[in-house]
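A.B. asks: Going line by line, the protein sequences match chains U and W. If you read the first sequence in my numbering, its first letter stands for residue 1, the second for the next number, and so on. If you read the second sequence in my numbering, its first letter stands for residue 1, the second for the next number, and so on.
Possibly wrong hints are sitting among the right ones.
Said to hold, decoys possible - Coverage of chain W stretches by chain U, computed from C-beta distances (three or more under 8 angstroms per stretch; other residues unrestricted):
hint	region
1	17 to 26
2	34 to 44
3	198 to 210
4	261 to 267
5	281 to 287
As the list claims (entries may be wrong) - Simulated coverage check for chain U against chain W, where a stretch passes if three residues somewhere in it have a Cβ under 8 angstroms from a Cβ of chain W:
hint	region
6	5 to 16
7	20 to 28
8	49 to 56
9	98 to 107
10	117 to 124
11	156 to 162
If you are wondering where the hints come from, they were derived from the structure by calculation, not from laboratory data. Positions of the beta carbon are idealized from the N, C-alpha and C atoms, including for glycine.
Each chain, letter by letter, is given below.
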Amino acid sequence: MMHRSFRFILLFVVTQLLQAYLFNNLTIGAWFNPLVYVSFLALLPLEMPRGVLLVNGLATGLVADWFMGTAGLNTCVAVFAAFTRPFLLDLLFGKENIRDGGVPSPERFGEGGFLRYAASLVGLHHLLFFLLEALSWAQIGQMLGRWLVSSLVCVGFTWLMARVFTSKLTVRV
Amino acid sequence: MRALCPHSRHNRLNCQTLNKLLEFIRSTYVVLLFVVIEALALHYYANSSPYTQARLLAQSTRVAGGVHGLFSGVKHFFGLGRENRQLMARVAELESELAAWRRTASPLPADSTQVVIGERQFRMTPATVVSNSINKLRNFIVFDRGRRDGVERDMAVLSSTGAMVGYVVEVSERYAVAISILNTAFRASGKVRGDTYSGSILWEGTDARTVTMTELAKYARIEPGDTVVSTGFSQYFPADIPIGTVVRADLNEAQTAYTVQVRLMAHMSGLGPVILVKNNDLPEVRSLLESERVEELKNRP
């Protein structure tokens, strides 16, 4: 149990550091802004109580806001992702399946299932982020472009992290 | 979380109500917690300004700036060749300007009102970028120079080639944060070099290489390829600082003003060394603007 908690703390630190020192400073273009810290929330255990999930979302958002200087924006979207995650999982895989617990991964849900789950969670999280960041419909086309590119990169990152992270973890409890 | 109810009827009813309340809280506390956190986060975000964001960024850089410095050092190392070529080109340009000034120098300047007495109006400080983003709507730049190096708020930030990049909004002891020209809250005034009509420079958040100059009077002489420079009206930037070149100019629907697409001269995605410019006259200008007489005239109906 301690070993598993340590791995999740490590995942939290790795995603936050990669976000702060790598992805925030990549100057590829205005369309490329993947918020990879959401991978941590996506990979938290399925059996985690919803309240604890919200607290994890709060911690993730606060640290991201602190690094990015975004004053509440990341907190808002990370808590939203943590809140909607259980509903998404129930909707995609059924309550019975989720009740069995484990870590969301391609092994646990299958490649297609995991990608559907990651795309839904990351897509919702990024959509809310870009909507709140713009606070206007004036550049809706550009906003959707940024959302699409950044979400695709983030889904790829989440898939990669799930592969690396669950390589030695029991995926089904 | 269920309370044990006593036997008396009145107390039992109260107890059952309490149990129902506890049950309600237990079943809805996640939603309540979610609503409270979201409300607080949205309230904080809605009341934030570029200055709040810069202050937050300055705080985190104070702690995490060392690692940013390490990464920027590595990046800087690989960009040394390009940087050196840019600096050599800049030195050559300044040398030729200096030579021209020397040729025309005379004991009495043609316009004696331009003689600068005492301290110079602008002071330059070199700095290196430790963190820079171009992928958000509100982008900021962090430098490795702070209060102890004489950096202050409102200093202009120019690229190593002397082009407009942003201005300083927050300073800590060792670092400074500037609002980037690629920030939707950034505003400066610009004009076509050699012309008198000015417009407002802003970024629409779409292309990291292009900004927009709006409200440029239709009488302005403008052609694609013209250079757009600062006007000097701004409190931050000296006059004639290059901003970029005109890509396209379109008259608005009312045919009264141009909206101009300007390709930035500063290479925003590869900023390395920059120049911070302090306007020594700024406090004096501001105190004049805030003087009682000016305030009185402002408030006159």
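A.B. asks: Does each hint hold? Answer for all of them.
C.D. replies: Hint-by-hint comparison with the structure:
1. 17 to 26: Not satisfied, violated; 0 residues make the cut.
2. 34 to 44: Satisfied; 8 residues make the cut.
3. 198 to 210: holds (count 5)
4. 261 to 267: violated (count 0)
5. 281 to 287: violated (count 0)
6. 5 to 16: It is violated: at least three residues are needed, and the region 5 to 16 of chain U offers just 0 whose Cβ sits closer than 8 angstroms to chain W.
7. 20 to 28: holds (count 7)
8. 49 to 56: Three-residue rule met by the region 49 to 56 of chain U, so holds; n is 3.
9. 98 to 107: Our answer is that it is violated, as 0 residues pass the Cβ test (under 8 angstroms) against chain W, missing three.
10. 117 to 124: Since 0 is below three, the answer is violated.
11. 156 to 162: violated (count 0)
Consistency note: the structure conflicts with the earlier hints numbered 1, 4, 5, 6, 9, 10, 11.
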